[in-house]
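> Protein chains in written order, with the numbering used here: chain A, 703 to 912; chain B, 703 to 912.
Errors might be hidden in some of the hints.
Treat identical chains as interchangeable: a pair holds within one or across any two.
Unchecked claim - Quick list of in silico lysine-lysine cross-link-like pairs, DSS-like style, CA-CA up to 27 Å:
| id | residue 1 | residue 2 |
| --- | --- | --- |
| 1 | Lys727 | Lys899 |
| 2 | Lys800 | Lys727 |
| 3 | Lys753 | Lys800 |
| 4 | Lys800 | Lys895 |
| 5 | Lys760 | Lys899 |
| 6 | Lys753 | Lys817 |
| 7 | Lys800 | Lys760 |
| 8 | Lys721 | Lys817 |
| 9 | Lys800 | Lys715 |
| 10 | Lys753 | Lys899 |
| 11 | Lys895 | Lys817 |
| 12 | Lys817 | Lys716 |
| 13 | Lys899 | Lys800 |
Calculated from the structure, these hints are not laboratory results.
Quick caveat, the model's predicted, so the values are computed rather than measured.
Protein chains: 2
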Amino acid sequence: MLNERLNWRYATKKMDPSKTVPQDKLDRILEAVRLAPTSSGLQPFEVIVVKNAAIREKLKEAGFGQTQITDSTAVLVFAAWDNYTDARIDGVLALTEKVRGGASETLTGYYDRLKASYVPRDADTNFEHAARQAYIGLGLAMTAAAFEEVDATPMEGFDPAQFDEILGLRARGLKTVAILPVGYRAEEGDWLKGAPKVRRPMNEFVTVVE
Amino acid sequence: MLNERLNWRYATKKMDPSKTVPQDKLDRILEAVRLAPTSSGLQPFEVIVVKNAAIREKLKEAGFGQTQITDSTAVLVFAAWDNYTDARIDGVLALTEKVRGGASETLTGYYDRLKASYVPRDADTNFEHAARQAYIGLGLAMTAAAFEEVDATPMEGFDPAQFDEILGLRARGLKTVAILPVGYRAEEGDWLKGAPKVRRPMNEFVTVVE
Chain A
703 MLNERLNWRY
713 ATKKMDPSKT
723 VPQDKLDRIL
733 EAVRLAPTSS
743 GLQPFEVIVV
753 KNAAIREKLK
763 EAGFGQTQIT
773 DSTAVLVFAA
783 WDNYTDARID
793 GVLALTEKVR
803 GGASETLTGY
813 YDRLKASYVP
823 RDADTNFEHA
833 ARQAYIGLGL
843 AMTAAAFEEV
853 DATPMEGFDP
863 AQFDEILGLR
873 ARGLKTVAIL
883 PVGYRAEEGD
893 WLKGAPKVRR
903 PMNEFVTVVE
Chain B
703 MLNERLNWRY
713 ATKKMDPSKT
723 VPQDKLDRIL
733 EAVRLAPTSS
743 GLQPFEVIVV
753 KNAAIREKLK
763 EAGFGQTQIT
773 DSTAVLVFAA
783 WDNYTDARID
793 GVLALTEKVR
803 GGASETLTGY
813 YDRLKASYVP
823 RDADTNFEHA
833 ARQAYIGLGL
843 AMTAAAFEEV
853 DATPMEGFDP
863 AQFDEILGLR
873 ARGLKTVAIL
883 PVGYRAEEGD
893 WLKGAPKVRR
903 PMNEFVTVVE
């Protein structure tokens, strides 16, 4: 079931701009990202869904001209927290108390220890930790798109600083780590369409210690 | 479908050691990880599946005593490449040529540029890039486990250097980044079982630029 969908998907190289992903499919893809498990439930990233044509033209320039940025229905921009702060972690604690009903010493103690551990670290270390969590979300987005029979192209080949500038992310304490245009494959012009998937064989990828 | 499974799963806090995950379920979970999309198809990580009881006792000590490490059926250890090298990238190129049939200038040029870009970078930068890809795999493993109705506990709370030492990963150029015990929840003693899932509301997680 899942693996059938993972075998179906591929990093689409050419999208058909005349085909539009329905909003309900887009909503379910974003919901999968929102449900993605992250370290201590921090969800230390946000997703910017760029549909605007003019802004996507600018993003394409910052993305070395890759046409999926403008030929897709939307570009999902995964932007990780640039650092952990007391305020951000307190926000997660407050939400947890609200959803699960009331404060507890165990919960407060857990997030107190997390703040004591994370906040003094340098920003780069914290950003890298947040970026890893964002990649769990990226993986879920690719998976969800496959379930919706929506094509998607994971990309790291772009200028992150320019993306942050175009989308005004610096002021929000966010840094772009990966993008995922979602749309529909073009009938012609996609050299990767139909190519066999390349993966290391299981015995070169997994070691079992029995 | 997918989101129903993502809502079902949770980071299981107490597992029942008397229940064993069937091998076919474990195989499908590992296949999902193998199929996980990664940057330039590098798959820059491996998975160590630890079933051995004595070794898992040692891992539990290096994992601050967390009982899921020994009460699960197996611990999936996600170990990222410690660096990118010409040999590793050439291996991906060779596999791609083998699977897709023959060399091409386009393909060779692509991986030549990748080597020129990645290999001169410092090892930490390359390891962090590889670790992000491993987290895509971690996300897929958690998702696949949910499809198999298998419980799982993503963990970063362990001593990675000790894990690498116990599993002999240094000599293989691998560094543990995250672990995922897979098994079955205990009937009693899991404080998180049944608790409402905590996620930021969509409007605090997603920004739409129309």
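> So which of the earlier hints does this model not fit?
2, 3, 5, 6, 7, 8 and 10
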